[in-house]
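Participant: Listed in order, the protein sequences are those of chains A and B.
In this text, residue positions in the first sequence follow my numbering: the first is 1, and each later residue adds one.
In this text, residue positions in the second sequence follow my numbering: the first is 1, and each later residue adds one.
Quick caveat, the hints were computed from the structure, so don't treat them as lab data.
Virtual Cβ for every residue (Gly too), placed ideally from N, Cα, C.
Quick list of simulated restraints, FRET-style, between CB atoms:
(1) B:413 <-> A:222: 18 to 24 angstroms
(2) A:181 <-> B:33: 46 to 52 angstroms
(3) A:181 <-> B:7: 16 to 22 angstroms
Once the Cα atoms are required to be at most 25 angstroms apart in a straight line, the calculated DMTMM-like pairs of lysine to aspartate or glutamate come out as:
(4) B:44 <-> A:284
(5) A:234 <-> B:7
(6) A:152 <-> B:7
(7) A:152 <-> B:173
(8) B:35 <-> A:284
(9) B:49 <-> A:284
(10) B:22 <-> A:268
(11) A:152 <-> B:9
(12) B:49 <-> A:268
(13) B:63 <-> B:259
(14) B:501 <-> B:307
(15) A:234 <-> B:9
(16) B:35 <-> A:268
(17) A:234 <-> B:87
Which bits of chain A does chain B cover? Going by a derived footprint, with three or more residues having C-beta under 8 angstroms, they are:
(18) 192-205
(19) 211-225
(20) 276-283
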Amino acid sequence: MSESSDLTDHVTCTIKASVNLQIGDTKTEISQSGVSVVDINLPFGKTVNIEDVTFKNYFCIVCIQIEDITFKNYFCIVCIQIEDITFKNYFCIVCIQIEDITFKNYYCIVCIQIEDVTFKNYFCIVCIQIEDITFKNYYCIVCIQIEDITFKNYYCAFVSVRVLKRTPGQEAQWSTALRDLPLMENPHTEAGSQDYYSIHRDQMLLVPDNVVSVRLVLRQPSSAWLTFNLEDIKIHPHTQPAPVKEVSDWLSDLTLVDQHLNMEGLPDPQAVSSSIQQMWALTEVMQTNQTTASIGRFDVDGCYDINLLCLT
Amino acid sequence: MIDGGTERELSATIAQLVQRLKGSHLHSQLERRAKDCLHQPEIKLESLKEDVRHFLRVSGWEKKLHNAVYREMHVQPPLSLLPTPPEHRKEPLLYMRSAQASWERRVLKSLSSMSSELGVPLARKRPAAEQKELANKWNEMSTDEPDLSQFRPVYAPKDFLEVLIGLRNPNHDHSEQVSTRSHWGLIQLPLSVRDCGSDVLGLNVRSYCGSDVLGLNVRSYYVFESQHVEVGKKVVLDQDSAAAQQYSRQGCPMGLRADLWALILNATNQAQDMMHYEQLKAGVIQHDMLVDNLIYKDVKLTASNDDYYFVFEDFLYQVLMCFSRDTAILEHFMYNSASPPRSFIQGGGRGVIPFHGFSMYVAPLCFLYNSPSELYSVFREMYVRYFFRLHSVSSSPSGIVSLCLQFERLLQAHLPQLFYHLRQIGAQPLRIAFRWMVRAFSGYLSTDQLLLLWDRLLAYDSLEILAVLAAAVFAFRSDNLMEVTSLASAEAVLADLSTLKVMPLIQIFLFASAA
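In isolation and in its complexed conformation, chain A is listed as follows:
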């Protein structure tokens, strides 16, 4: 581009065919690394101050909005400031919302602050603070908020929990979440030796958010046992509690469904309650209309006519 003209006039350059980079040493197989290098040679003898580079994309991730970038790299560095990103990544470094980055790396560091991410990752370090995340991951370190840790004990007497937290912008740090929780009352005897336990986030000394890694330190001081460990370890992530529905008591009572009601020959409750309500209404009416007159006999054909009674 010549600086004298505003017109979008481009420099003729020689664009070499893209070279696909190979992963690993195997020369026999060309595995898709997902990376190719395009060399653009500017016209010989000319130096150009680049205003912009325009191109039509063909499944390529591109550098956008960067001030300065000097690197020698086989891999693509993409700096973007976007909300949504869906990509299939191989050995890609994606730095988002950062000023400066100089590094040489083989693996992908993705730092994003987005709500929804769906991606298939490979050797990816992801630090995210998101609610929903579904991904299939290999060697991925994920920062999550822990709800609880459940496991089955096998002759372990005490367990301590250490967590590696990564707060954004800082180094990851190990800290103790729980120290020496007793699992067996007496390390020499069986009580509690094969029980199921749960460590809830409320029991931990610090809030287990942004956790990258969890370390469980097992202690069994008694020499009575041959081995000890924990089985079936599961970490449950913290979910925001669903908003409490504002339903008044009586309404929830009405909608309650009893599944295990054993009516042993009793009359139908609906019929009973309606008859009781009628009786009650009757007594209320009688109470409010107290007269000194004696209640004559209102029976018609041997039974009381309810209408006559109500009118008094």
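Please build the complex by placing chain B on the supplied structure of chain A, with the hints as guidance.
Facilitator: Structure of chain B alone, referenced to chain A:
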């Protein structure tokens, strides 16, 4: 028992209790009473809830609900919020579960082979004539003399003892050499038992101040006794399970014992219980089971030969045959490490295979209850709370394995010389004491002493007292035992326990060991 858990656990336990009581007869009775009371003039619409509650409290129904909740809390293990599988709730230790399962298979196999050998089916429907005959003879089944020579008990306590001796924890390190910490007895399992005399039964012996612990106040015995009876009458009138249990810690007066035990166990004898018993009786009349013959045989061998219990032979048949058909006991298998044998159920049975001496669990109760349905109700409650633990392999502190270990540890700790001597002559103490504990001393002690012992069993809600008594008996006869030279003579020394007084023996043992 519920322990001080978090809020969440408490509300989960309450929800579980509500769910269990919701479909019960008590629930429908309470509802009916509440509806009936609406006719009462003092029930006002504005304060309906409080008035109905007050009415229920005053008429004693709230107390019944208290008792029912109390019973549920005692019987059910505490609810866990964790996804524990049901077999873990029955028995947490894997090797115990496998041992129980293999024992059950052996027993069932033995029963099936007996059935095929003798050509008697596990269950069959009785022809109409036989049904009529049995219905007529229901109250005098002891006069029947069927040929039972071919039948033999499926197993005896000593067979079960061999199974317990063989129990091993695969993760336990046995390689340590014999040392002061090693255990001399037969049970080689690292279970936690209370083997220190001062905290057995939860008694804090060191704070004993001379007044009536365990029921003996020597100084003013007669005054104490009449006071005690008066308090007992009040407790029975009050109809409160928890109070009755607390009261029984000092023993029950003979006249009040029946009511107190029924109250502690919340074993009612109302119309629905009598109806349930009648249904079971009808079941017995309609179907004949192989187990019935085993019951017959067992009663003839044990209770009928006993001076105290032979008069109750008829009752024993009635109760035990109904018991073997009762589905209500199936729910106790949720916390029993045993499982009801599947093929047995298909054959019409209900799950508990009696062993030699099983009828002795019922026999002492015959002294207290003379109506079969009430006797049945109380026995069933006692079985699902306590007796089932005496013949199943489990790690529970009241289970027979823990009791055996506790007995051996108590003996080793407090009478090491005696234990060592007996071990040297080949008379391991557990071989003698096991049969006492499996039967809860029924048939070995004199009846009044046995009932005093069972008072404490109910009062402290634990079978540990059996282990303590067994050790106390050994301590009492230690002088004679130090002089014997063989297992047979040791058994002879300990053959007759009918002259022993239970409570002084236990007190001497506990306090002497604490000193």
